[in-house]
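The primary structure of each chain is shown beneath.
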Amino acid sequence: MADRRSGMVQSMGYANPSSSVVSRAVAAAAANRRQSSMRAGRASKQYSVSAFYSMAAEQDVEVEDDLAQAQRILRDLKSKISTQSKKNFVLERDVRYLDSRIALLIANRMALDEQNEVASHLEEHDDQGDEHYPDHRKMQQYGNLFFLLQSEPRHVASLCRLVNLAEIDTLLQTVMFTLYGNQYESREEHLLLTMFQNVLAAQFETTTEFTSLLRANTPVSRMMTTYTRRGPGQSYLKTVLSNSINGLLEHKDLNLQINPLKVYEEMVNQFEEEGRDLPPGMPRSVTPDVAAANPDVIAIIQPRLIMLMDVTNRFLETIMQSLDQVPYGIRWICKQIRSLTKRKYPEATDIAICSLIGGFFFLRFLNPAIVTPQAYMLVDRLPGKHPRTTLTLIAKMLQNLANKPSYAKETYMIPTNPFVEKNKQRINRFLNDLCEVGDFYESLEMDQYMALSKKDIVLNITLNEMYNTHALLQQHIDVLAPKKDDHLRILLTEAGSAPAQVPRKQNLPIVLPLFSRWETPIQDLTTALMSENNITQNDIQYMEAKAIFVQLVRSLPYFAKKPLDLHRIAESAATSKDAQMVRKGIKVQDMLKELEAANVIDRKDNYALLAQEIKQELVHLGDLKDRVMQESSSLESVYKTILDHNNYLKSQLESYKAYLQNVRIQSSGGEKGSKKSVGIGVEVEHSGKSSKSKASKPQILGPYKFTHQQLEKDGVIAVTNVPESRKGNIFFTISCPMPGTFIIELHYKGRDKPILEMDLKLDDLLEKQQDNIQVLDLEYVQLSVVRTLHLLNKTFVTKSKNGIFS
Amino acid sequence: MREYKLVVLGSGGVGKSALVCSLQVAVQPAPSPTHSLIFLLQTVQFVQSIFVEKYDPTIEDSYRKQVEVDGQQCMLEILDTAGTEQFTAMRDLYMKNGQGFILVFSITSMVTMNDLYELREQILRVKDTDNVPLVLVGNKCDLEDERMVSREQGMMLSQQWGGKPFYETSARQKINVDEVFYDLVRQINRQMPARDKSKKKFKCLIL
Numbered sequence: 001m002a003d004r005r006s007g008m009v010q011s012m013g014y015a016n017p018s019s020s021v022v023s024r025a026v027a028a029a030a031a032n033r034r035q036s037s038m039r040a041g042r043a044s045k046q047y048s049v050s051a052f053y054s055m056a057a058e059q060d061v062e063v064e065d066d067l068a069q070a071q072r073i074l075r076d077l078k079s080k081i082s083t084q085s086k087k088n089f090v091l092e093r094d095v096r097y098l099d100s101r102i103a104l105l106i107a108n109r110m111a112l113d114e115q116n117e118v119a120s121h122l123e124e125h126d127d128q129g130d131e132h133y134p135d136h137r138k139m140q141q142y143g144n145l146f147f148l149l150q151s152e153p154r155h156v157a158s159l160c161r162l163v164n165l166a167e168i169d170t171l172l173q174t175v176m177f178t179l180y181g182n183q184y185e186s187r188e189e190h191l192l193l194t195m196f197q198n199v200l201a202a203q204f205e206t207t208t209e210f211t212s213l214l215r216a217n218t219p220v221s222r223m224m225t226t227y228t229r230r231g232p233g234q235s236y237l238k239t240v241l242s243n244s245i246n247g248l249l250e251h252k253d254l255n256l257q258i259n260p261l262k263v264y265e266e267m268v269n270q271f272e273e274e275g276r277d278l279p280p281g282m283p284r285s286v287t288p289d290v291a292a293a294n295p296d297v298i299a300i301i302q303p304r305l306i307m308l309m310d311v312t313n314r315f316l317e318t319i320m321q322s323l324d325q326v327p328y329g330i331r332w333i334c335k336q337i338r339s340l341t342k343r344k345y346p347e348a349t350d351i352a353i354c355s356l357i358g359g360f361f362f363l364r365f366l367n368p369a370i371v372t373p374q375a376y377m378l379v380d381r382l383p384g385k386h387p388r389t390t391l392t393l394i395a396k397m398l399q400n401l402a403n404k405p406s407y408a409k410e411t412y413m414i415p416t417n418p419f420v421e422k423n424k425q426r427i428n429r430f431l432n433d434l435c436e437v438g439d440f441y442e443s444l445e446m447d448q449y450m451a452l453s454k455k456d457i458v459l460n461i462t463l464n465e466m467y468n469t470h471a472l473l474q475q476h477i478d479v480l481a482p483k484k485d486d487h488l489r490i491l492l493t494e495a496g497s498a499p500a501q502v503p504r505k506q507n508l509p510i511v512l513p514l515f516s517r518w519e520t521p522i523q524d525l526t527t528a529l530m531s532e533n534n535i536t537q538n539d540i541q542y543m544e545a546k547a548i549f550v551q552l553v554r555s556l557p558y559f560a561k562k563p564l565d566l567h568r569i570a571e572s573a574a575t576s577k578d579a580q581m582v583r584k585g586i587k588v589q590d591m592l593k594e595l596e597a598a599n600v601i602d603r604k605d606n607y608a609l610l611a612q613e614i615k616q617e618l619v620h621l622g623d624l625k626d627r628v629m630q631e632s633s634s635l636e637s638v639y640k641t642i643l644d645h646n647n648y649l650k651s652q653l654e655s656y657k658a659y660l661q662n663v664r665i666q667s668s669g670g671e672k673g674s675k676k677s678v679g680i681g682v683e684v685e686h687s688g689k690s691s692k693s694k695a696s697k698p699q700i701l702g703p704y705k706f707t708h709q710q711l712e713k714d715g716v717i718a719v720t721n722v723p724e725s726r727k728g729n730i731f732f733t734i735s736c737p738m739p740g741t742f743i744i745e746l747h748y749k750g751r752d753k754p755i756l757e758m759d760l761k762l763d764d765l766l767e768k769q770q771d772n773i774q775v776l777d778l779e780y781v782q783l784s785v786v787r788t789l790h791l792l793n794k795t796f797v798t799k800s801k802n803g804i805f806s
Numbered sequence: 001m002r003e004y005k006l007v008v009l010g011s012g013g014v015g016k017s018a019l020v021c022s023l024q025v026a027v028q029p030a031p032s033p034t035h036s037l038i039f040l041l042q043t044v045q046f047v048q049s050i051f052v053e054k055y056d057p058t059i060e061d062s063y064r065k066q067v068e069v070d071g072q073q074c075m076l077e078i079l080d081t082a083g084t085e086q087f088t089a090m091r092d093l094y095m096k097n098g099q100g101f102i103l104v105f106s107i108t109s110m111v112t113m114n115d116l117y118e119l120r121e122q123i124l125r126v127k128d129t130d131n132v133p134l135v136l137v138g139n140k141c142d143l144e145d146e147r148m149v150s151r152e153q154g155m156m157l158s159q160q161w162g163g164k165p166f167y168e169t170s171a172r173q174k175i176n177v178d179e180v181f182y183d184l185v186r187q188i189n190r191q192m193p194a195r196d197k198s199k200k201k202f203k204c205l206i207l
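Protein chains in written order, with UniProt numbering: chain A, 1 to 806; chain B, 1 to 207.
Derived by calculation from the structure, the hints in this document are not laboratory data. The model shown is predicted, which means the values in this text are computed figures rather than measured ones. Be aware that one or more of the hints could be misleading.
Lysine-lysine pairs mimicking PhoX-like chemistry, simulated, CA-CA at most 20 Å apart [as the list claims (entries may be wrong)]:
no., chain 1, residue 1, chain 2, residue 2
1, A, Lys650, A, Lys640
2, B, Lys96, A, Lys385
3, B, Lys96, A, Lys262
4, A, Lys650, A, Lys87
5, A, Lys385, B, Lys164
6, B, Lys5, A, Lys262
7, A, Lys80, A, Lys650
A partial selection of chain B residues facing chain A, derived with a Cβ cut-off under 10 Å [stated by the list, open to error]:
no., residue
8, Asp56
9, Pro57
10, Glu60
11, Tyr63
12, Arg64
13, Lys65
14, Glu68
15, Glu85
16, Gln86
17, Ala89
18, Ser109
19, Val111
20, Thr112
21, Asn114
Each residue gets a CB set at the ideal place from its N, CA and C atoms; glycine is no exception.
Please build the complete structure, drawing on both the sequences and the hints.
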């Protein structure tokens with residue numbers, strides 16, 4: 001509330017008696033100054049950057065200078081965008097503040113109208129519709145809350161670890177299809193994957209049994225399921241599997257059963273169906289070995305086996321050719337599994353790691369779709385008995401290939417081993433190739449800038465999703481945001497307790513406008529990921545160290561030409577002349593130490609794992625200058641957009657101010673009868689930008705006089721400190737110098753000047769009422785907010801007959 | 001010889017396959033791979049950060065084992081199912097076909113027990129009856145140090161389910177494994193006394 005008010009102070013020039021507001025505004029201004037001076041400091045170092053580049057690699061002087069210049073332009077742009085978006089933020093906050101005021105006044109006005117007319121049906125209607133529907137204010141609170149959740153994935157990531165498996169489905173549904181529901185937008189995708197990274201790392205941290213990570217049903221496995229069900233995953237499955245599976249379904253009589261027992265059973269059944277007795281020496285039920293030794297069975301199985309391997313081979317072929325079509329997020333998860341495994345289990349062989357990647361890619365993604373294609377909308381009818389068997393066998397063979405067990409639980413699968421033998425090299429390469437995608441940490445910052453240019457972010461969300469998330473956050477708030485000034489905690493406290501889930505019929509989807517209560521600074525990786533309760537510090541540090549090294553090596557390209565010596569790179573950066581490089585260099589040096597202390601990396605092998613991953617990243621990133629240029633041009637348009645938006649906001653603010661004044665007049669000026677005051681309102685609108693004092697000679701209403709006794713009797717005075725004997729000497733006057741503005745004075749008989757004077761705006765009062773502030777403190781007496789409103793409405797708006805003229 | 005269609009259910013990694021594989025068979029044909037199967041259980045585990053190479057999640061395996069229960073020879077057709085939750089769409093079909101169910105959790109994880117509620121509900125729904133031959137199994141009882149589910153909690157759940165039998169087993173040390181299967185066979189015998197042709201009986205069930 002106070003934040004909003006400080007916005008008012010700045011933009012509207014209203015005097016506000018609250019001193020805390022002033023100090024806030026001052027503090028904010030100071031913070032701004034500090035920010036901008038920092039920025040200036042950074043900018044002034046630009047020359048030394050380019051100097052350093054040329055020093056570092058003399059042979060490439062020209063190239064480096066171009067690069068340095070491009071980087072400087074990029075940084076300037078970024079700082080301009082930050083400044084501008086900060087301004088926009090303040091403007092937006094003011095507009096929203098005015099908007100809420102206007103809404104209050106209109107609501108008040110409507111309530112009065114309803115009282116005058118008999119509008120019972122309208123009320124009834126309202127009651128029904130509004131029962132579960134959040135009001136304007138609740139919408140704002142949820143808008144703030146979900147903005148925070150969306151832009152800071154760490155909260156949801158922590159939450160995912162805290163909730164139980166029964167609760168997680170609904171939560172993940174909300175997170176993956178609503179909060180980060182835009183599956184084709186890189187920012188939401190990246191934020192979602194960041195969250196994934198967090199939960200995945202936490203799982204690695206807490207699990208002692210490594211396989212259970214990929215076997216047991218855990219939050220991670222739920223996330224994987226839900227993630228693969230998003231658009232890109234589904235359309236991939238469709239592209240890759242649909243044709244092959246539908247082809248199989250068409251041959252509904254093609255029987256590829258290779259289990260001797262089942263084949264034997266089929267033979268028995270055939271005899272029975274034909275009404276023949278079983279030949280002697282052919283018992284109804286046999287052991288697996290007897291069935292497998294039966295010559296007829298062998299004769300039936302042989303061609304099937306060849307056919308089955310052929311079909312499975314074709315599936316495998318299609319899958320392997322689809323490498324480039326595999327959605328980025330799925331490949332990135334594979335990459336995470338590989339990276340985390342290598343770190344946690346250094347002794348793991350490449351084959352073992354591949355089987356874990358296969359444990360995700362095949363077991364959790366492809367094979368479920370192969371065995372039950374109907375559940376993935378890949379086919380339009382249920383597979384018949386034979387195709388179902390075939391599909392299951394194909395999935396089992398693919399899984400065997402991915403896991404390569406040296407045994408077979410089922411004896412009858414052993415003959416399919418040639419398929420595994422023939423393809424195991426290829427599958428390992430494929431699974432490794434899957435992991436070859438770049439990280440998106442580099443883009444995270446860009447994403448944030450791009451997001452700044454987005455106006456009117458909205459979330460399509462159902463009431464129950466909103467309330468459920470609210471309830472879960474509330475339940476775990478002490479872990480999620482233990483500190484009193486945590487933004488999440490502040491928002492939750494304000495939002496109060498979570499509403500109960502609504503019946504399905506009332507669970508309407510709503511369009512929730514998202515906006516931030518606070519300025520949103522551009523965060524680095526650690527801020528985006530780390531939270532108070534984080535147990536994945538090492539992993540996040542590792543990630544960030546990697547990201548910083550990538551940046552350093554790209555800025556010091558001659559290091560990339562040799563095997564990466566991370567120690568030296570960090571040192572060169574730390575002792576360079578560029579402040580930013582120095583900062584990064586020192587930071588990454590510290591990180592190396594910490595990571596080494598935590599046994600994540602080892603100096604003895606020259607941080608081989610980390611260096612290798614950095615090298616891979618560099619390959620994915622391509623030319624730095626191209627990238628910088630590309631980013632610059634994107635940011636150029638971001639900058640333009642937010643400048644335009646700034647102009648738009650300014651004009652919006654002006655019209656809102658005028659509008660607010662107009663509504664105040666209408667609200668307090670009464671019915672159509674008082675055209676004059678409406679006229680003034682219009683005049684205000686036209687009389688130009690400085691709406692404040694230009695309103696020429698407003699018509700003053702009142703003052704109306706009220707005695708202490710009367711107000712006490714009517715309940716307007718809720719608490720009084722005036723001694724009984726003096727009550728007779730106290731009276732109040734209320735006047736309305738300007739529509740919507742009231743002056744309440746407290747007089748003592750015989751004195752000229754009032755003892756106390758209070759300037760009150762109708763919307764202030766309405767806001768108090770909404771905030772559940774019961775009383776208005778006038779030092780000697782406390783007025784009931786509700787009753788005062790009633791009194792004002794009665795006296796000034798509906799031209800009451802009861803008002804006492806002085 | 002009567003045939004029994006049994007289905008083993010439970011979340012991933014609770015040791016369903018190990019349980020099935022360590023069931024003693026009456027007639028011992030014992031092809032060589034079977035031995036390594038029993039051994040397999042150990043390889044599935046990860047202890048601390050010692051990495052064991054193999055793990056082998058099941059998609060759907062079927063076994064046929066001949067056992068002797070109360071002097072009767074029985075042919076068990078056991079369907080070992082996927083614990084991986086992504087394969088839930090397969091459940092309906094094998095629930096329809098099964099006559100008795102073994103619901104397995106691991107005593108080292110509360111979550112795996114909670115997962116069984118949903119499975120049981122689904123069985124009752126598919127079977128459309130309140131009384132289905134069923135055994136509740138808490139596996140890995142050799143891992144006493146890692147126990148997260150008490151014996152009492154298991155008992156309580158089985159009582160909630162209308163007094164279904166509850167066993168704590170160790171597939172690794174072969175504790176109580178056979179008893180689980182015998183118990184289920186007895187339940188089926190009680191509920192569906194054998195007719196001359198068990199085959200036909202089964203066909204009726206499908207319809």
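* Asked: Where does the structure disagree with the numbered hints, that is, which hint numbers, in rising order?
  -> 5, 14
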